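> What follows is each chain in one-letter form.
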Amino acid sequence: MDLYADALYGYALARLHDPSVAEDLVQETFLAALGGVAHFRGRSSVRTWLTGILKHKIMDHLRRKYREGPRRDTAPDGREFEGFFDEHGAWKRKPTRWAADPHRLVQQQQFMETLFECLAELSERAANAFIFREMEGMTTDELCKLLDISATNCWVILHRARMKLRHCLEVNWFGNTGKEGP
Amino acid sequence: MTHWMFDCREISRLVSMSMDERLTLYQRTGLRLHLLMCRYCTRYRRQLFFLRELMHRYSRLCDTRSQEVRLPPETRDRIREKLRQAAAGR
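First to last, the sequence lines map onto chains A and B.
The first sequence begins at 1 in our numbering and counts up by one.
The second sequence begins at 1001 in our numbering and counts up by one.
Errors might be hidden in some of the hints.
Away from chain B, derived, C-beta distances all over 12 Å, residues of chain A [as the list claims (entries may be wrong)]:
(1) 29
(2) 33
(3) 41
(4) 49
(5) 65
(6) 123
(7) 141
(8) 170
Stretch-level coverage of chain B by chain A, calculated; a stretch enters the list once three of its residues show a Cβ under 8 Å from a Cβ in chain A [unchecked claim]:
(9) 1005–1018
(10) 1025–1037
(11) 1043–1049
(12) 1074–1087
If you are wondering where the hints come from, they were derived from the structure by calculation, not from laboratory data.
Note that the coordinates shown come from a computational prediction; the quantities given were computed from them, not determined experimentally.
Even for Gly, the Cβ is constructed at its ideal location relative to N, Cα and C.
Just chain A, same shape as in the assembly:
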């Protein structure tokens, strides 16, 4: 157990950003693994096997949460992004150039903190939709099932998340004041 506990905890924490939930899910994973050890055929490494169980636990956790939670953020709203576009549908605040390399940026803890702060400003559903779509490469089909919403709402949520996240990063990290960049 000691061998894998930290790895599993790290995995859950990176995706949920909630230590107490992550701890609970790690515990559930080990208990499930104990019950299902007969099914482990050694086809994958133990770590991969446990991570697979944990991933299911994370999905279950989110699914339960969304079933119970309010759904007010799912309906498309015509007036959305009013601050982003003018009455002709043109950018009010034009996207500026980002001179950055994802490879280097991802290693900067401060940047990742800014990114997760920006994600925290979204609804939890939108933030999770973004994380699971872009981090896990989850298909929109899977995502819809997870969030318990229609495909259309799924796209709306992702669109909203990307738009707001990009904007937040531009303001808070790429540090432009609305002037046009190079």
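Chain A is fixed; fit chain B onto it per the hints.
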């Protein structure tokens, strides 16, 4: 600034959608033509893919870095105890 038949607001929606789904021919054509002429939407699109690339890398980084994250010792003990109980109860 509007180009051809879609404005930037609509294009931003199509850009996002194109990252998850195959667009219709009409949408694809409109998107391509608009992007040819609008550098802001081109930037927008590039930055969304930039964020995708970044999150992918972050995912991989988390997997390699998880050695640095430690499960709190109390939790570790609690889980060990639960496992012991569960194993005894089987």
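> All the hints need checking, so say for each whether the structure fits it.
Going through the hints against the structure:
no.: 1; hint: 29; verdict: violated, 9 Å
no.: 2; hint: 33; verdict: violated, 9 Å
no.: 3; hint: 41; verdict: holds, 20 Å
no.: 4; hint: 49; verdict: holds, 15 Å
no.: 5; hint: 65; verdict: holds, 21 Å
no.: 6; hint: 123; verdict: holds, 16 Å
no.: 7; hint: 141; verdict: violated, 10 Å
no.: 8; hint: 170; verdict: violated, 8 Å
no.: 9; hint: 1005–1018; verdict: holds (count 8)
no.: 10; hint: 1025–1037; verdict: violated (count 0)
no.: 11; hint: 1043–1049; verdict: holds (count 4)
no.: 12; hint: 1074–1087; verdict: holds (count 9)
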